[in-house]
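Novice: Chains as they are written, first to last, in this note's numbering: chain H, 257 to 684; chain U, 41 to 207.
What the hints contain is simulated information worked out from the structure, not anything from laboratory work.
Any given hint might turn out to be false.
[What the hints assert, rightly or not] The calculated label-pair distances, taken between Cβ atoms and stated as ranges, are:
id : chain 1 : residue 1 : chain 2 : residue 2 : range
1  : H       : Gly334    : U       : Gly177    : 42 to 48 Å
2  : U       : Gly75     : H       : Glu391    : 52 to 58 Å
3  : H       : Gln308    : U       : Asn173    : 41 to 47 Å
4  : U       : Gln92     : H       : Ala508    : 55 to 61 Å
5  : H       : Thr604    : U       : Asn173    : 30 to 36 Å
6  : H       : Thr604    : U       : Pro81     : 35 to 41 Å
7  : H       : Leu305    : U       : Gln92     : 21 to 27 Å
8  : H       : Leu302    : U       : Ala80     : 22 to 28 Å
9  : H       : Phe646    : U       : Val171    : 36 to 42 Å
10 : U       : Val62     : H       : Phe646    : 43 to 49 Å
11 : U       : Gln64     : H       : Leu401    : 17 to 23 Å
12 : H       : His379    : U       : Gly177    : 39 to 45 Å
13 : H       : Leu401    : U       : Gly114    : 41 to 47 Å
[Said to hold, decoys possible] Residues from chain U that face chain H, not an exhaustive set, calculated with beta carbons under 8 Å:
id : residue
14 : Lys125
15 : Gln163
16 : Gln164
17 : Gly181
18 : Ile182
19 : Thr183
20 : Gly184
[Stated by the list, open to error] Rough simulated footprint, nothing fancy, chain H against chain U, three-plus residues with beta-carbon under 8 Å:
id : stretch
21 : 68 to 80
22 : 151 to 162
We treat Cβ as the ideally placed atom computed from N, Cα and C, and that holds for glycine.
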Amino acid sequence: MKKNLVSIAALVATMMPVAGIAENNPALEQKVQQLSRELDDVKLQLNQLKSQNEALAEQQENANSRAVGENDNLHLSGYGEIAYTRPTHQKENAKADLARAVIGVGYRFDDKTRFASEFEIEHAVTSAEDSGEYEVEQFYIDHQLLPSIAIKGGLFLIPTGLLNTSHEPPNYYGTQRNFVETVIIPSTWREGGVGAHGTTDGGLGWDVGFTTGMNIANWEINPEVPRFTTADDLGEGAPFGETHQELSNANAQHFSQYVALNYNGVAGLTVGGSVFTGNMGKFQPQTSDQRATLWELHTRWIQGPLDVSALYAHGSISNTEEVNQLYPGASNLIPASFFGAYLQAAYTVWQHDHYRLVPFARVERLNAADDIKGVVEGEGDDKLPTERVFTWGANFYLHPQVVIKMDYQTFKENNDFNRLNLGLGLAF
Amino acid sequence: MLRFVVLLMVWCLPSLSVADTVYQKPDDFLHETFGATPPAPQFIWLDTKLQQSLTQILGHAYSQLRIRYWRINGHTVWILDEIGKEFPITAGFVVADDKIAVARVLIYRETRGDEIHIPAFLQQFVGLHLVDNKLEGRVDGITGATLSVNAMKNMAHAALLLNRSIP
Numbered sequence: 257m258k259k260n261l262v263s264i265a266a267l268v269a270t271m272m273p274v275a276g277i278a279e280n281n282p283a284l285e286q287k288v289q290q291l292s293r294e295l296d297d298v299k300l301q302l303n304q305l306k307s308q309n310e311a312l313a314e315q316q317e318n319a320n321s322r323a324v325g326e327n328d329n330l331h332l333s334g335y336g337e338i339a340y341t342r343p344t345h346q347k348e349n350a351k352a353d354l355a356r357a358v359i360g361v362g363y364r365f366d367d368k369t370r371f372a373s374e375f376e377i378e379h380a381v382t383s384a385e386d387s388g389e390y391e392v393e394q395f396y397i398d399h400q401l402l403p404s405i406a407i408k409g410g411l412f413l414i415p416t417g418l419l420n421t422s423h424e425p426p427n428y429y430g431t432q433r434n435f436v437e438t439v440i441i442p443s444t445w446r447e448g449g450v451g452a453h454g455t456t457d458g459g460l461g462w463d464v465g466f467t468t469g470m471n472i473a474n475w476e477i478n479p480e481v482p483r484f485t486t487a488d489d490l491g492e493g494a495p496f497g498e499t500h501q502e503l504s505n506a507n508a509q510h511f512s513q514y515v516a517l518n519y520n521g522v523a524g525l526t527v528g529g530s531v532f533t534g535n536m537g538k539f540q541p542q543t544s545d546q547r548a549t550l551w552e553l554h555t556r557w558i559q560g561p562l563d564v565s566a567l568y569a570h571g572s573i574s575n576t577e578e579v580n581q582l583y584p585g586a587s588n589l590i591p592a593s594f595f596g597a598y599l600q601a602a603y604t605v606w607q608h609d610h611y612r613l614v615p616f617a618r619v620e621r622l623n624a625a626d627d628i629k630g631v632v633e634g635e636g637d638d639k640l641p642t643e644r645v646f647t648w649g650a651n652f653y654l655h656p657q658v659v660i661k662m663d664y665q666t667f668k669e670n671n672d673f674n675r676l677n678l679g680l681g682l683a684f
Numbered sequence: 041m042l043r044f045v046v047l048l049m050v051w052c053l054p055s056l057s058v059a060d061t062v063y064q065k066p067d068d069f070l071h072e073t074f075g076a077t078p079p080a081p082q083f084i085w086l087d088t089k090l091q092q093s094l095t096q097i098l099g100h101a102y103s104q105l106r107i108r109y110w111r112i113n114g115h116t117v118w119i120l121d122e123i124g125k126e127f128p129i130t131a132g133f134v135v136a137d138d139k140i141a142v143a144r145v146l147i148y149r150e151t152r153g154d155e156i157h158i159p160a161f162l163q164q165f166v167g168l169h170l171v172d173n174k175l176e177g178r179v180d181g182i183t184g185a186t187l188s189v190n191a192m193k194n195m196a197h198a199a200l201l202l203n204r205s206i207p
């Protein structure tokens, strides 16, 4: 259209000097008038097109501004991971697994109130005969109560550690989640309750709440099935993993409390910690109530290609002696304390568009039963050996949210668990 | 423990929250940049070539036919929207001498990751520029806010590209 206009205008311009000649040439004059009319038509059409485009663009802008929070209220998200593990000394235990497939559904009621949920399937198939599980990981309402405070209620993640609230596969290094934040902190750890949270302009994030807690009655003090036959079993019998309730017919006689603080006021640096404590109830009617407490400190420092993180977590359960003394020789006495710590470093060695290669190394020390009280002499150990795990490998990102992983893990105490891991992870 | 929790909540009251938080209205951002009388907005139409460039940066086409901007004395202001994880983040950028001069989170709508509004994080955007149309300059991430950080970086990149594309 524009080209036509220019062409016609140029033609008319070249014909202007001949206007005087046209007066003596009726045919030429007629042609000039026709071209002039056509030029006017083209100008009119061009102006109409311009108006239509502007109207369309304005409609689209208005529609988009409405879509921000008004019409676009339902949101789907998800994440998942597939893992292949091959123990070096136990090749018969090599395994390929769709470890988890998670779908998240969120809904924005208005600019203050929203709903968040996540539903997880572990190990691909859930049935009475299969090892898979179907779980509700999150299901809560978040509401901006005051300009400075938001509150939440329902089933939500406990804000502890680095991994629990940021547990999607692209967010951590290694095919498997680290052992400290699965055995000692039972990621993904969620409870039911209410909480309040916010972030200050100075970079201090805070989160406090009351939730269901641990139920000591869930502890299996003398399990039939032997524990720790593979590395993945290290979490079996872990203190909090064994007793957390996840709002599944949870005993709510006692509520636990938590406080979490995270400081992000320096670019690239996160420093934080949390405390979770609550009454676990009684293991036997004649024993005292027991209290579970878990505290942790963590830091992460991201400086350009370098990503370093460290965490220490310590847990305790009170009044374990009187319970353990009732079960001499039991294979899984209740620990009085447990701990874990890790140090991890990763470095982006290559990046092109969305592709990114990040080698990493991580050393972990953990003990799910560092102190066992009430052990009858000759009937068992008063502590487990401290396991040390060394993991090294690389994450290769096809996209910031799609990652291929490869790593090797060695175990100091259970070196039969040494294994190669390969993984595919994604989140959206 | 309960007393400590209540004291902590009181201490933290003068703070900003997550989810649909308006840190600064877009009009106020314009007044802050240009004074009492901002210039009238102009428009850049997103032709095929420009949309292709934006798609490379954002991973998707920008959902408008044109983008408005404001310009005076070589400074341009861009107010853009980009989804972090679930809902759009509205951010404002001032570009001067082909570099980011100011970056600001105006409206944040996610339930987590709002640490990107912290001045210490946003200060990293000052000086970002393009080299061979790629974003040059370092922006360190925030734990638990990766998607929001990426959205801000992508919007800064888009603002610099758009600034180069206007007559």
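Novice: With reference to the structure, classify each hint as holding or not holding.
Specialist: Quick rundown of the hints versus the structure:
Distance hint check: the CB atoms of H:Gly334 and U:Gly177 are about 32 Å apart, inconsistent with the given range 42 to 48 Å. The supplied range of 52 to 58 Å is met by U:Gly75 and H:Glu391, whose beta-carbon atoms lie about 56 Å from each other. For the hinted restraint 41 to 47 Å between H:Gln308 and U:Asn173, the CB-CB distance of approximately 32 Å leaves it violated. U:Gln92 and H:Ala508 have their C-beta atoms about 57 Å apart, which keeps the hinted 55 to 61 Å range intact.
Look at H:Thr604 against U:Asn173: about 21 Å separates their beta carbons, and that is not inside 30 to 36 Å. One distance hint, 35 to 41 Å for the beta-carbon pair H:Thr604 and U:Pro81, holds here, with the actual separation near 39 Å. Take H:Leu305 and U:Gln92: their Cβ atoms lie about 23 Å apart, and the range 21 to 27 Å holds. Remark: the range hint 22 to 28 Å for H:Leu302 to U:Ala80 is upheld by a beta-carbon distance near 23 Å.
Between H:Phe646 and U:Val171 the Cβ separation comes to about 39 Å, which falls inside the hinted range of 36 to 42 Å. The hinted range of 43 to 49 Å is satisfied by U:Val62 and H:Phe646, whose Cβ atoms lie roughly 48 Å apart. At about 22 Å, the CB distance of U:Gln64 to H:Leu401 agrees with the hint of 17 to 23 Å. Against the hinted window of 39 to 45 Å, the Cβ-Cβ separation of H:His379 and U:Gly177 comes to about 44 Å, which satisfies the hint.
Checking the proposed 41 to 47 Å range against H:Leu401 and U:Gly114 shows it holds: the Cβ atoms sit about 44 Å from each other. For U:Lys125, the interface hint holds, the least distance from its beta-carbon to any beta-carbon of chain H being 7 Å, beneath 8 Å. Using the Cβ-Cβ criterion of 8 Å, the hint placing U:Gln163 at the interface with chain H is satisfied: the shortest such distance is roughly 7 Å. At about 5 Å, the closest approach between the beta carbon of U:Gln164 and any beta carbon in chain H falls short of 8 Å, and the interface hint on this residue holds.
At a threshold of 8 Å, the smallest CB-CB gap from U:Gly181 to chain H is about 5 Å, leaving the interface hint in force. Against a cut-off of 8 Å between C-beta atoms, the interface hint on U:Ile182 holds, since the closest Cβ of chain H lies about 5 Å away. About 4 Å separates the beta-carbon of U:Thr183 from the nearest beta-carbon of chain H, less than 8 Å, and the hint is met. The beta carbon of U:Gly184 is positioned within 8 Å of a beta carbon in chain H (closest approach about 5 Å), and the interface hint is therefore held.
Check on the stretch 68 to 80 of chain U: 0 of its residues sit with their Cβ under 8 Å from a Cβ of chain H, so the three-residue criterion for coverage is violated. A stretch counts as covered by a chain when three or more of its residues have a beta carbon under 8 Å from one of that chain; for the stretch 151 to 162 of chain U and chain H the count is 9, and the coverage holds.
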